[in-house]
Amino acid sequence: MKISVLLFGILKDIIGENTVSIEVVSPSNIKDVKLQFLKKYPKLIAYQNFSVAVNEAYENDSYNIKENDVLALIPPVSGG
Amino acid sequence: MIENTSILITSQKLNLQDCYDFVQDASCGGIAQFVGTVRNKTQDKSVILLDFSTYKPMAIKEMQKIANKALADFDILKIAIHHAEGELKIGDIPVIISVSSPHRKAAFEACQFAIDTLKETVPIWKKEHFEDGEVWVNTHP
Chain A
1 MKISVLLFGI
11 LKDIIGENTV
21 SIEVVSPSNI
31 KDVKLQFLKK
41 YPKLIAYQNF
51 SVAVNEAYEN
61 DSYNIKENDV
71 LALIPPVSGG
Chain B
1001 MIENTSILIT
1011 SQKLNLQDCY
1021 DFVQDASCGG
1031 IAQFVGTVRN
1041 KTQDKSVILL
1051 DFSTYKPMAI
1061 KEMQKIANKA
1071 LADFDILKIA
1081 IHHAEGELKI
1091 GDIPVIISVS
1101 SPHRKAAFEA
1111 CQFAIDTLKE
1121 TVPIWKKEHF
1131 EDGEVWVNTH
1141 P
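Chains A and B, in that order, are what the protein sequence lines are.
According to our numbering, the first sequence is numbered sequentially starting from 1.
According to our numbering, the second sequence is numbered sequentially starting from 1001.
In silico DMTMM-like links for lysine to aspartate or glutamate, alpha-carbon gap of 25 Å or less: (1) B:1056 to A:61; (2) A:66 to A:56; (3) B:1119 to B:1073; (4) A:43 to B:1128; (5) B:1056 to A:59; (6) A:31 to A:67; (7) B:1119 to A:56; (8) B:1065 to A:61.
Since the hints were derived computationally from the structure, they do not count as laboratory data.
With the rest of the complex left out, here is chain A (with noise of 0.2 Å):
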């Protein structure tokens, strides 16, 4: 299945894209497509300590992914 994943921040800027879409194979859950993810954009690597959100709301690595889920990739936030 193919997912939408937001950028923020950094992560943003070394892409260089608001949102990517990567293809995933069913089930995946945010483990995989955090290794995808690193895989296809080895620049990432250096800057891994992201938390990722399905849906505006904080997931953790099990969380397992369904089609039309919005991923965002969220760097060290740093409001306030």
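Chain B: place on chain A using the hints.
Just chain B now, kept in the frame of chain A:
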């Protein structure tokens, strides 16, 4: 519960009076406010401006969670959490937290909890611009 919270992300100038007016109530004996301001230096480098970007729909949800938790965990009446986005200059205000409570201790504690948690969980990022370049804060590999 939600009527006792005011959550905002805006590219307009934040308004301290709005936050104060939202939380003010006859039943409260005190209001604590935290105001974040843009500092002119990071370590020894002069900062020109900060550029705040957000994952806005999620940031709003995370700010709402903080406000709800503050209402549940502390003896407070109302809380406002307002954050700015876009370019801010030295002295501008990126964040305001206002809390009202019958007694001051809870207001101070809830205010501290809210700003500390915001800095850990809310998907907002700042890029510091210097004379000779720019850097995303907190993202050193």
